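Colleague: Sequence:
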Amino acid sequence: MNPARLTVHRPVMTGMITLIVILLGLAALNRLPVDLLPDITWPVLTVTTSYPNAGPAEVEQLVTRPIEQAAAAITGAQRIDSTSAEGNSNVRVRFSWGTELGEAVDDLRDRLARIADQLPEDADRPLVRRFDTQASPIMLLGVGSSLDPIQLRSLIDSRIGPRIERVPGVAAIDIRGGLEREIRIEVLPERLQALGIGLDTVRTALRDASVVTPGGPIVEGRRELRLRTPAQFQDLDQIAATVVHRSDGGAIRLHQIADIRDTHQRLTRRYRVNDEEGVVLAIRKLADANTVEVASAVRAQIRRLNRDFPQVAIQVASDESVYISRSIENLGRAILYGSALAVLVLLAFLRNLRFTLVAATAIPISVIATFGLVYFGGLTLNLMTLGGIALGVGLMVDNAIVVIESIARNREERPELEVTEAAVAGTSQVSSAIIASTLTTLAIFLPLFFAQELAGQLFKPLAAVVAFALAVSLISALTLVPMLMARPALHSGRPRAPSRLRMEGRYARLLEPVTAHPWWVVAASMSLLLLAVLGFRGVGTEFLPPTDEGDVRVSISMEPGTRLEILDAVIREMEARARATVPEITNMVTSVGASSFRAGSPASAYMRIGVGSRESRTRSSEEIAAALREAIGQQPGVTLRVRASSGIFFRGFGGDDTERLSIDVRGFDRLTMNAVAAEFGRVLEAIPGVTDVRLGGDGGQPELATRIDRARAADLGVDVRSIAQTIETALGGSGAGQFRAGGTESRIWVQIQDAERRRLDEILNLTVAGSNGQRVALRSLVRFEPTLGPDSIQRREQGRITTLFANIAGRPLGDVAAEVRDRLGGIPLPDEVDFQVSGDIEEQEAAFSELMLGTLLAVLLVYMVMASLYESLRDPLIVMFSVPLAAIGVVLALRVTGTTLNVQSLIGVMLLVGIVVNNAILLVDRMARLHRGKGMAVRAAVLLAARQRLRPILMTTLTTILALLPLALGVGDGGEAQAPMARVVIGGLLSSTLITLVLIPSLYLIFHPQREPANDARSSHV
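Position one of the sequence shown corresponds to residue 2 (the working numbering), numbered consecutively onward.
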């Protein structure tokens, strides 16, 4: 069936259908959400459990291990990782891609409910969360003010924060830094001892003195009243007058044994924005919200807040939407430039502006129609979907080019035909070829829809967009293009182009000796292919191409237990060096102290430095990071990490540990594992390309272990829990209720005065209640032993691990990982200790394996589609010889541009399988028609078909290459993400086309030996 027979005679109907498609696409475009990447549902569940004041070993034994055992029984769980830190357990359960996480969450919660009785009473209820890439903050706001820090934090909590949370699309805000109000009860231990009172007595008295309880209903006549007892503290005087103990001497009130202070909670972390102390607000958006729109709405709210609260200055310290907008705009420009270059190629070959405009209509129609697919498919406008459009721009005009060239050739060679007849005949002659070429291109995307790993999740939207755009371009070429070409006004006075004849003549003279010696051509092609395979050895591999996001991260860590003031002084010096070394700084956010992600020692600090867009600076973020690393240098007692942020596909995953390479050392004894990891670290530091080697959070922290004499405690009637709680209250403090005033709530915190500066002897003088009410001094029950405890305990698959982290700079990840495995494999290890190289290399190997299999499947699908269309096994085999020839250009493009073989490159290789066969299909299809359909001799048919298809082959190839050229240059923000794929397609298509023009005619002659043609259909079958 030739749809052109209908459309050329129904121009109004064809035009209206086209306009309907355009209108729907434009309407969808205005409603499309914009984001950096597709919405990926990571198959990861996180179980977070808080166990206040418990050490890492206790958290591991009492909380983490029971949760791991419960999670291990869930169907589909692939890997279980955990971190046990001071007061916090974090268990991560990873499932296979495609797992229904809703059912997994229910199953996990059910199993956690079964072990609830096994967890400590003081441990909070385990909280199950899904890992969501959208959960990472999209904006960081810095808040500064001349107000009292406690008042500022209170103002943010009660007034500013809620207003920002009400912005449409904002899911939540995290308030970091500032001083939170606290009513601190600083107990004087000397007075407790003199009066024979324990800390537990003080805390219990405060809890019992401030309550709110319902009293129940009271019936009074016709009404029913509810009785309530609001017996809360109204002011500090009431707290001070609280009776904590009664004796023969009378009542002892709180102010007699303690100082009551209206102060702030202990400062454990400091935040600075552009060297100014303040509060940082992290803005998180809803999963289905438009990142750019949400950020714009937040900025508008900030302007209103700055107007309404003149005593407060709110500034944007970091905004992810800026990078997204720049990346999308840059990609949009690449699409426009590529489209313009493709149109110029058409004009250069066709020498007819009217024909060029007809062919060019395929681009906007296909692109606009694709916006409808993106909208109705629930996708977003992101780097993947727009990258698919950019990739398909050159392919969108291919079918239209072939149809136009065929119609024009019919008009030139058969001038007696009417315009409408030439349009129908020309379309009919090439319809089977363009349908075959489009179907083969579409077939290569099928494996991506079956891919389950991360690469499949990322590139499914790209595959859907390209496939749909090509399908629309095919329909347009078979319907709209013939209708437009059938307008007589397009053909008035069109001269014969002599340049085309000269080009075809030169090509024919080249083919004369080539077709006389076809085996020489095959041998030369195979030799080039062999050289390409040998040249592939020098191509590096990595998971994803690094991107310049305009962010540099500086992290430092010091000896566990280092005081916050000392750490802050060190990071301030580094801030000054950063200012002096990096003039490109646009903003800088500094965080000093313990993080919420990894509770434990506060001996770590973090700087996030914004350096602006790529166009605004001459140095890349990698070069800036290298210069800053050298300027800061390695200081004694300080572990430094400086790296350029370049993980757009993993933003927010795993907190601050964004190193690309890690080595997991498994074993049982922590000290042995640490020794092995330290030896590995020394080896890694000597490997070229490895930077920022560090031991992952298990270096050990000095601590004092409390040893309780259980037998003596039992004899005196003292329970272990009372002893532990007394020590906890004395040193760390413990809550004794809430103080509510002015609509705000502050905690009441009981602790001995100057607890951090007390000698251990003073702590041992505290007493606990024994049997018969007597008080027993702690010194008769406990002793303290200095020891070195872990600041966190890492586990994988229910076994302890010590992790060594490293960054990669100036060298491909695959090469570094291979050398790491080789060197570490030669180190003798203690019994029951082994190691595994992990990090990005794990994702890389899984993605490579899946994409290699997908490429093989794509080759088979392409062959099967052609065999089905041509009802032949031999001719499709000739076409398939063009596929390996693409490897020559692929290797050359990778080597010349210094591009690594990564997931993007492999996607380009997979696309090439469907693209490079299109030219061969045009040749073989025409040769078969002349040879078998018209009865021409094989060699004559080959030479004539090659001449007739030269121009459309060159046109389609050059339009595709030049349309991808802006993308291949990789300039601008986000340009590096798509550049490897474009470079691979350009190189592979160029080499395959040039060789195909001489190889396919030679192969056709080899597969169809020269003989007198006979109208025997069997000659085309096996």
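Don't take every hint at face value.
Unchecked claim - Label pairs and their in silico Cβ distance ranges:
#, residue 1, residue 2, range
1, Asp238, Ile176, 24 to 32 Å
2, Leu854, Arg160, 50 to 58 Å
3, Arg160, Ala679, 48 to 56 Å
4, Ile23, Leu532, 17 to 25 Å
5, Met17, Gly379, 39 to 47 Å
6, Pro53, Leu337, 54 to 62 Å
7, Leu532, Thr47, 24 to 32 Å
I should point out that these hints are in silico values taken from the structure, not numbers from a laboratory.
A quick note: this is a predicted structure, and the numbers were derived from the prediction, not measured.
We put the beta carbon where it would ideally sit given N, CA and C, even for glycine.
Colleague: All hints, please: hold or fail.
Modeller: The hints, checked one at a time:
Between Asp238 and Ile176, the C-beta spacing of about 30 Å keeps the proposed range 24 to 32 Å intact. Distance hint check: the CB atoms of Leu854 and Arg160 are about 57 Å apart, consistent with the given range 50 to 58 Å. Range check, Arg160 to Ala679: Cβ separation about 51 Å, and the 48 to 56 Å hint holds. With their beta carbons about 48 Å apart, Ile23 and Leu532 fall outside the hinted range of 17 to 25 Å.
With their beta carbons about 28 Å apart, Met17 and Gly379 fall outside the hinted range of 39 to 47 Å. Remark: the range hint 54 to 62 Å for Pro53 to Leu337 is upheld by a beta-carbon distance near 58 Å. In this structure the supplied range 24 to 32 Å is violated for Leu532 paired with Thr47, their Cβ-Cβ distance being about 50 Å.
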